[in-house]
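**Student:** Residues per chain, in single letters:
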Amino acid sequence: MITARYHREVPQRYRLEAGKCTKCGYVAFPPRLVCPKCNTKKFKPIVLKDEGKIITYTVIRVGPDKFSKETPYAIGIIELNDKLRLTAQIAGVVDFDKLKIGQKVKLVFRKIQDDGKAGIHMYGYKAVLA
Amino acid sequence: MRDVVVIGAGMTKFGELWGKSIKDIFVEAALKAIEDAGVKQIDSMYVGAMSSGLFVGQEHLGAVMGDYLGVTPIPATHVESACASGGVSFRQAYLEVASGASDIVLAGGVEKMTDGADVTEALATAADQEYEVYQGVTFPGLYAMIAHAHMKEFGTTRKQLAAVAVKNHRNGAKNPNAQFRSEITIDQVLNATMVSDPFGLLDCSPVSDGAAAVIVTTMEIAKKLKKKPIKVIASAQASDTIALHSRPSITTIGSVVNAAKKAYKMAGLKPSDIDLCEVHDCFTIAEIVVSEDLGFFKKGEGGKAAEKGLTAIGGKIPINTSGGLKSKGHPVGATGIAQIIELYEQLNGKAGDRQVKGARIGMAQNMGGSGASCVIHILEGGK
Chain F
1 MITARYHREV
11 PQRYRLEAGK
21 CTKCGYVAFP
31 PRLVCPKCNT
41 KKFKPIVLKD
51 EGKIITYTVI
61 RVGPDKFSKE
71 TPYAIGIIEL
81 NDKLRLTAQI
91 AGVVDFDKLK
101 IGQKVKLVFR
111 KIQDDGKAGI
121 HMYGYKAVLA
Chain X
1 MRDVVVIGAG
11 MTKFGELWGK
21 SIKDIFVEAA
31 LKAIEDAGVK
41 QIDSMYVGAM
51 SSGLFVGQEH
61 LGAVMGDYLG
71 VTPIPATHVE
81 SACASGGVSF
91 RQAYLEVASG
101 ASDIVLAGGV
111 EKMTDGADVT
121 EALATAADQE
131 YEVYQGVTFP
141 GLYAMIAHAH
151 MKEFGTTRKQ
161 LAAVAVKNHR
171 NGAKNPNAQF
181 RSEITIDQVL
191 NATMVSDPFG
201 LLDCSPVSDG
211 AAAVIVTTME
221 IAKKLKKKPI
231 KVIASAQASD
241 TIALHSRPSI
251 TTIGSVVNAA
261 KKAYKMAGLK
271 PSDIDLCEVH
281 DCFTIAEIVV
291 SEDLGFFKKG
301 EGGKAAEKGL
311 TAIGGKIPIN
321 TSGGLKSKGH
331 PVGATGIAQI
341 IELYEQLNGK
351 AGDRQVKGAR
361 IGMAQNMGGS
371 GASCVIHILE
381 GGK
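Quick note, the sequences are listed as chains F and X, same order.
Positions 1 to 130 (the numbering used here) are the ones given, in order, by the first sequence.
Positions 1 to 383 (the numbering used here) are the ones given, in order, by the second sequence.
Hints are not guaranteed to be accurate.
What the hints assert, rightly or not - Capping the alpha-carbon separation at 35 Å, the derived lysine-lysine pairs in DSBU-like fashion look like this:
id : chain 1 : residue 1 : chain 2 : residue 2
1  : X       : K262      : F       : K37
2  : F       : K23       : X       : K299
3  : F       : K41       : X       : K262
4  : F       : K41       : X       : K265
5  : X       : K299      : F       : K49
6  : X       : K152      : F       : K100
7  : X       : K159      : F       : K106
8  : F       : K98       : X       : K299
9  : F       : K66       : X       : K13
10 : F       : K37       : X       : K265
11 : X       : K304      : F       : K100
12 : X       : K298      : F       : K37
13 : F       : K20       : F       : K66
14 : F       : K20       : F       : K106
15 : X       : K304      : F       : K53
16 : F       : K98       : X       : K304
17 : X       : K299      : F       : K100
18 : X       : K159      : F       : K69
19 : X       : K299      : F       : K37
20 : F       : K20       : X       : K152
21 : X       : K152      : F       : K49
22 : F       : K42       : X       : K261
23 : X       : K231      : X       : K265
24 : X       : K159      : F       : K83
25 : X       : K299      : F       : K106
26 : F       : K83       : X       : K304
27 : F       : K83       : X       : K152
Said to hold, decoys possible - Stretch by stretch, here's where chain X covers chain F in the computed footprint (C-beta under 8 Å, at least three residues):
id : stretch
28 : 54 to 61
29 : 84 to 91
FYI, nobody ran anything at the bench for these hints, they're computed from the structure.
For each residue, glycine too, the CB sits at the ideal point set by N, CA and C.
For reference, chain F alone in the conformation it holds in the complex (with noise of 0.2 Å):
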């Protein structure tokens, strides 16, 4: 992944930086242009909460090549308190039977993946359990 490719997603990935439709209060995350709940294009900038929920969640042991070393990982669909779904990986589970819809989950600053062999370490948020 190129640097600049990377670089654009930071404000999202280490801050959790998102928009919020000045009309009819929907929140983009990433931020977007236009709002797909009402077709105003004035968003608010807001910072999500890192708190929520488990809405549904996979343990993945087959995983992309890049994923290869951490394989297999917990990863899930998480609300957050302010009601805005992402996607992401569970981390520090010791053990997978013990995952559970409706978990209460934190977001945390952590590396995500490597670009190649030789490319920068690339960060974002994965969920703990709370």
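Got chain F sorted already, so can you dock chain X onto it with the hints?
**Tutor:** This is chain X only, laid out in the frame that chain F set:
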């Protein structure tokens, strides 16, 4: 809009076709379809393919296939809608004939997945790269998350998921073009190597090579050619958010609900009028969710219906008589066309051991990604 009919079909066997190139398989399927239709020339052609660029390093696939099929200078267009590329290819051909722009059009689909590409990574390009794939999600992972949500909400069990795979292998065993012509048991599905919880290997459709093509034309031309016309009585398409996490419900696929609503309205039919249905069972849960979203079963009842045999040949609504993606194989871009071919054979009464008795109305449901695109067709055979 003019009436549009299917008058010819051809496909390669699906599987690991190491001895043949992407051009070889597409041309083989296209020539069979042209011969079956008995037409001397085609006016235009479509090639559905998800990602020949990533799988074999070849784009500009419309031109490539037009050239190798020997039909230049007719228009030859590549269409892409991830795993729904084949269904969208068929819809484009349908629209071109219906509009009067062309009289005889070839709708094809192809994928060559065993030429050495990282298949997991290539398929993942159908999801949101920056906000799903970046985090480490895979396609089995996305559908596994749908499965867990369905299990939690409706009590669906792994055994009910397994019933889908067992039934599709039973049907596929009777399909000479299927990749896996072997029956499997519930225990084999439950005890297979885990891929992405709750899916084992046998909950997942395979990596396949294959191509399929059909010829569509007008009712008048079909009559002149003395072909029994299989009429397209509905063609509908819908979209949804690219990321699974952006949808209000994880257990309903909005694009399927919306495309189905349009398709039933266009055909003037209801779910109970459908005699058989090919659905996009890329994973076992997909068949269960789609069988609900198409209106065959109440929301949450799809798992039980599969377990009771209601979707088997001879059941309430036979689903995936071809073997589905699970057993027939899933060369992504070819899948949507292969579904149409199964309907074509069934409605012509030529499906052999897997024939649904008296089949007159067939539906094909093809979707892309985790359901961000869906295309549905309803075909009607002669009386």
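**Student:** So, for every hint listed, does it hold in this structure?
**Tutor:** Here is what the structure says about each hint:
no. : hint              : in the structure
1   : X:K262 <-> F:K37  : holds (21 Å)
2   : F:K23 <-> X:K299  : holds (33 Å)
3   : F:K41 <-> X:K262  : holds (29 Å)
4   : F:K41 <-> X:K265  : holds (34 Å)
5   : X:K299 <-> F:K49  : holds (33 Å)
6   : X:K152 <-> F:K100 : holds (10 Å)
7   : X:K159 <-> F:K106 : holds (33 Å)
8   : F:K98 <-> X:K299  : holds (28 Å)
9   : F:K66 <-> X:K13   : holds (33 Å)
10  : F:K37 <-> X:K265  : holds (25 Å)
11  : X:K304 <-> F:K100 : holds (23 Å)
12  : X:K298 <-> F:K37  : holds (28 Å)
13  : F:K20 <-> F:K66   : holds (34 Å)
14  : F:K20 <-> F:K106  : holds (21 Å)
15  : X:K304 <-> F:K53  : holds (29 Å)
16  : F:K98 <-> X:K304  : holds (26 Å)
17  : X:K299 <-> F:K100 : holds (23 Å)
18  : X:K159 <-> F:K69  : holds (31 Å)
19  : X:K299 <-> F:K37  : holds (25 Å)
20  : F:K20 <-> X:K152  : holds (31 Å)
21  : X:K152 <-> F:K49  : holds (26 Å)
22  : F:K42 <-> X:K261  : holds (33 Å)
23  : X:K231 <-> X:K265 : holds (16 Å)
24  : X:K159 <-> F:K83  : holds (33 Å)
25  : X:K299 <-> F:K106 : holds (32 Å)
26  : F:K83 <-> X:K304  : holds (32 Å)
27  : F:K83 <-> X:K152  : holds (20 Å)
28  : 54 to 61          : holds (count 7)
29  : 84 to 91          : holds (count 5)
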